[in-house]
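Engineer: What follows is the residue order along each chain.
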Amino acid sequence: MIDLVGYGAFFLVNALIFGVICLGLNLQWGQTGLFNVGVAGFVAIGAYASAILTTPETADRIGGFDWPILAGWLAAMLLAGGAAALIGLATLRLRADYLAMTTFGIAVTIQVVALNATGLTGGPFGIAFIPRPFAGLAETPIAFNAANLALTGAVTLGLFLLLEMLTRSPFGRVLRAIREDEAAAASLGKSVNFYRLQAFALGGAIMGLAGAMQAHFIGFIAPDNYLSILTFQAWAMLIVGGSGNNRGALIGAVVVWALWSLSSLAVGSFVAPAFQARAAALQIVAIGVALAAILIIRPRGLIGERAIVSRDVEAMAGEAGTD
Amino acid sequence: MLEVQSVSKSFDGFRAVDDVSFSVARGSIVGLIGPNGAGKTTTFNLIAGTLTPSAGSVRIDGRAVEHEPAHRRIAAGLARTFQIPKPFGEMSVLENVLVAAQDQAGERIAPNLFARGAVRRREKANIERARDIVAFVDLGKVERLPAKSLSGGQRKLLELARVLMAKPKLILLDEPAAGVNPALLETIMERIETINADGVTFLIIEHNMDLVGRLCGEVIVMAEGRVLGRGAPSEMARDPRVIEAYLGGAPA
Numbered sequence: 001m002i003d004l005v006g007y008g009a010f011f012l013v014n015a016l017i018f019g020v021i022c023l024g025l026n027l028q029w030g031q032t033g034l035f036n037v038g039v040a041g042f043v044a045i046g047a048y049a050s051a052i053l054t055t056p057e058t059a060d061r062i063g064g065f066d067w068p069i070l071a072g073w074l075a076a077m078l079l080a081g082g083a084a085a086l087i088g089l090a091t092l093r094l095r096a097d098y099l100a101m102t103t104f105g106i107a108v109t110i111q112v113v114a115l116n117a118t119g120l121t122g123g124p125f126g127i128a129f130i131p132r133p134f135a136g137l138a139e140t141p142i143a144f145n146a147a148n149l150a151l152t153g154a155v156t157l158g159l160f161l162l163l164e165m166l167t168r169s170p171f172g173r174v175l176r177a178i179r180e181d182e183a184a185a186a187s188l189g190k191s192v193n194f195y196r197l198q199a200f201a202l203g204g205a206i207m208g209l210a211g212a213m214q215a216h217f218i219g220f221i222a223p224d225n226y227l228s229i230l231t232f233q234a235w236a237m238l239i240v241g242g243s244g245n246n247r248g249a250l251i252g253a254v255v256v257w258a259l260w261s262l263s264s265l266a267v268g269s270f271v272a273p274a275f276q277a278r279a280a281a282l283q284i285v286a287i288g289v290a291l292a293a294i295l296i297i298r299p300r301g302l303i304g305e306r307a308i309v310s311r312d313v314e315a316m317a318g319e320a321g322t323d
Numbered sequence: 001m002l003e004v005q006s007v008s009k010s011f012d013g014f015r016a017v018d019d020v021s022f023s024v025a026r027g028s029i030v031g032l033i034g035p036n037g038a039g040k041t042t043t044f045n046l047i048a049g050t051l052t053p054s055a056g057s058v059r060i061d062g063r064a065v066e067h068e069p070a071h072r073r074i075a076a077g078l079a080r081t082f083q084i085p086k087p088f089g090e091m092s093v094l095e096n097v098l099v100a101a102q103d104q105a106g107e108r109i110a111p112n113l114f115a116r117g118a119v120r121r122r123e124k125a126n127i128e129r130a131r132d133i134v135a136f137v138d139l140g141k142v143e144r145l146p147a148k149s150l151s152g153g154q155r156k157l158l159e160l161a162r163v164l165m166a167k168p169k170l171i172l173l174d175e176p177a178a179g180v181n182p183a184l185l186e187t188i189m190e191r192i193e194t195i196n197a198d199g200v201t202f203l204i205i206e207h208n209m210d211l212v213g214r215l216c217g218e219v220i221v222m223a224e225g226r227v228l229g230r231g232a233p234s235e236m237a238r239d240p241r242v243i244e245a246y247l248g249g250a251p252a
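Read top to bottom, the protein sequences are chains Y and D. Residue numbers for the first sequence follow full-length UniProt numbering, so the first one is 1 and each next one is one higher. Residue numbers for the second sequence follow full-length UniProt numbering, so the first one is 1 and each next one is one higher.
None of these hints come from the bench; they were simulated from the model. Here a beta-carbon is modelled for each residue, glycine too, at the ideal position from N, C-alpha and C. One thing to keep in mind: the hints can contain errors.
Pairwise CB distance ranges, derived in the manner of DEER restraints [what the hints assert, rightly or not]:
(1) Y:Arg93 - D:Gly117: 53 to 63 angstroms
(2) D:Ala135 - Y:Gly8: 45 to 55 angstroms
(3) D:Asn196 - Y:Ala307: 50 to 60 angstroms
(4) D:Ser149 - Y:Arg278: 46 to 56 angstroms
(5) Y:Ala96 - D:Leu113: 49 to 59 angstroms
(6) D:Ser54 - Y:Leu157: 47 to 57 angstroms
(7) Y:Arg247 - D:Asp198: 40 to 50 angstroms
Produce the complete structure using the sequences and hints provided.
Structural biologist: Shown next, in the form of structure tokens:
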């Protein structure tokens, strides 16, 4: 029983970190319609930035500045957000399909750099000994996982509330208008490129934060963590949960991560050890099937975008019926 | 109000708009007519900033705007609707109109975090105004529905409402009557008359001669990228050059 509670906390920390990634993607795609298929790249930037800054001094690579974890998180957001802003400046004028190709290429490039810039990233061996929050509790896994769940939950909740406020404000309304029709939004005086840039950079910063949170929770990162499969997972989560809805982004993350973990368990239990490596591909199949099923049964996701998003417009629902 | 001077636009050597000059007086309703392919919508796009002219100048209220991007035109007092309406489909009718409000502090990130009260007050005032405008164009009953559920004619009215929210001095309407049923067309024409009575200038592209005859004091006729003539609608309908442009081959 205790084990199960401990595992539950461990599972939720991982799921919520994916939830943070999805919140970033929801800002970019769900709100603004920016087709970013390079999610893994921004997560990697955040993870490596924080890892390099917070690890103790190391002889065989640059870095190991021994910064506090919180400073690493902030630096991760700044660097990933800054990278997104730079990439955005160069690419956001592109049409959706070209933006997709460009972001995909950039994410692959970032992963290859992580794999080969051994002097900075540790190359294929990655970076170990990343300080973990509440490391003092590591002797008792249940306390360690519960404390981390409290921390991750608090960060996720804070971010959710912040994004919810922006989504339902006039700022969020402009993002949605641009998503729906950029020529019409421009004709009404909205600077399309500037808003896209803000959404892209902010979304990138959030993905970077998620990367740092994950790196510090696990304590070890390697380039293999940041392959395209990560981007695929984030997209599946957002679409299953409901693109355009911050709650949907979080729920999708938990549901799809549960499916991923269960299918991993199933592969481990029912497949002969010799075939397990190959059978792991079935996990991707499971998510693909879930995605297809959702698109058929509930095309807008488990909870899709609200009919009326602007806070004060929705607030007048009661009075509207009476006049 | 609007001065278009020697404006040209070429696409790969093809001159869609060729040395076009005209002006629109404050408070008037002017029609822009001509056969398909005459360059009317291209002229609109040049005035609205969707396209940049290859040559010539566009002045709105004396301000040269031809090199400013499309999103700056509304600050000069110019608003436009589209030939095929462009509603924000997934958004409610009311939110469609709210997007058009100008100078909203809440459209920047920081005031939403640090000046929430002011943003909120402004938003409430905007909502009130948006509801009045939505009711004015007869969309009050559907104000909470997503814009994608509106009929073609209602979408034209929604675009008109959206544009009004921005308090423009000059409105460009691209085929407001196209695909609109007669009852709704009557509403559209009445609303244009009311708005014009408040001092707003209109430039209207239209093929529906009932609308042109009733609303437009003057029409500018375009053909093959050039201005063919200008005058009262009835007068232009008799002009042999105009008849030739519509019914004949290419004018010699």
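Engineer: Among all the numbered hints in the text so far, which are the ones the structure does not match?
Structural biologist: Numbers 1, 3, 5 - these are the hints that the structure violates, sorted from lowest upward.
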